Amino acid sequence: MSLAGRTGSILGFFLLLIPLCHASPADTVALWQGEKVRFGKEVTLLTYRPERPNGISVVVCPGGSYHWLDRRGEGFEVGEWLASKGITAFVLFYRTAGTAEIAWHTRLIFRGKRHPDMITDAQRALQYAREHAGTYGIDSEKVGMMGFSAGGHLVMSAACFSRSNFLRAAGIETSVSLRPAFVAAIYPVVTMQPPYVHRRSRRGLLGDSRVGSLVLRDSLSLERKIPADCPPVFLVNCLDDPVVDYHNSVLLDSALTQKGIPHVYHQYSRGKHGFGVSDYYGSPECRQWKEAFLDWLAGLY
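The numbering used here numbers the first residue of the sequence shown as 1 and each following residue consecutively.
Bear in mind the hints are in silico, worked out from the structure with no lab data behind them. Just to be clear, a hint being listed does not mean it is correct.
With a Cα cut of at most 27 Å, we get these calculated DSSO-like pairs of lysine-lysine [unchecked claim]:
no., residue 1, residue 2
1, K290, K85
2, K142, K272
3, K142, K290
Label pairs and their computed distance ranges (CB to CB) [to be verified]:
no., residue 1, residue 2, range
4, L300, F110, 26 to 32 Å
5, Y280, G212, 36 to 42 Å
6, A169, E291, 36 to 42 Å
7, A292, P116, 30 to 36 Å
Just so we're clear, the structure is a prediction, and the values are computed from it rather than from any experiment. Glycine residues also receive a C-beta, built at the ideal position from the N, C-alpha and C atoms.
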């Protein structure tokens, strides 16, 4: 490689790190501190506190195919945006398989990070927010969740499996509800079944040694698991999404409708994937979701 090429590669590497050098929020919580949880030290909750909290809070779960996390576009920026609207945000950096697993398949031999690690982290975040409601000036009954892409699958999993205490495996019993008050699923992964499955997310979630399990594929295909007490859902995606087939959201919308769950579905024609709360990415059409969400939330409360 030429000097110019090497210089360009080095510059590109440091540019990739820029999102991680974002200013820190007021508080960073080590969710598993003091608990014996595998890879628990990796899990943090970043809290964004508005100057005038309106009592509503949201646990935010970034996407990343269950292999990594989009910490900036679907994490930091979302927390800042919600706080600017008076909503207390808890941005959850949950356990993921890791980018190396895309190439190396070491989870064929070692357990690594896989389901139920992710939903256990999500339930831990809900527990923390509710148990510390007084500290943050929030209403413990108004703690919702928002997730993007694979994070959308995670927050819907929290809604679907709220009656299962995944914290129990860590020796934790809790008196607070593990059911989110509402869920916003933004261009979510939904199904683990063909033909619409996002295969990288399925592999990241299930693990290489279990990715072929028909039982796990069925149990984590959320269009088949909507409970009667599913919280209200705000759903968004785009027809031109090149990453997660738009039929994932269609399946979820149909399942919610069939079960009579209050929800709204905003399907935009253009915007692709990964636009988060950006004022620049996606399309003018899909960026309308932010105001639509705030209007929907105001209707709930």
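Evaluated hints:
1. K290 - K85: Measuring from Cα to Cα gives roughly 11 Å; hence the hint holds.
2. K142 - K272: With Cα atoms ~31 Å apart, K142 and K272 exceed 27 Å; violated.
3. K142 - K290: holds, 19 Å
4. L300 - F110: 26 to 32 Å: The hint (26 to 32 Å, Cβ to Cβ) is violated, given that L300 and F110 are roughly 43 Å apart.
5. Y280 - G212: 36 to 42 Å: holds, 40 Å
6. A169 - E291: 36 to 42 Å: holds, 40 Å
7. A292 - P116: 30 to 36 Å: holds, 32 Å
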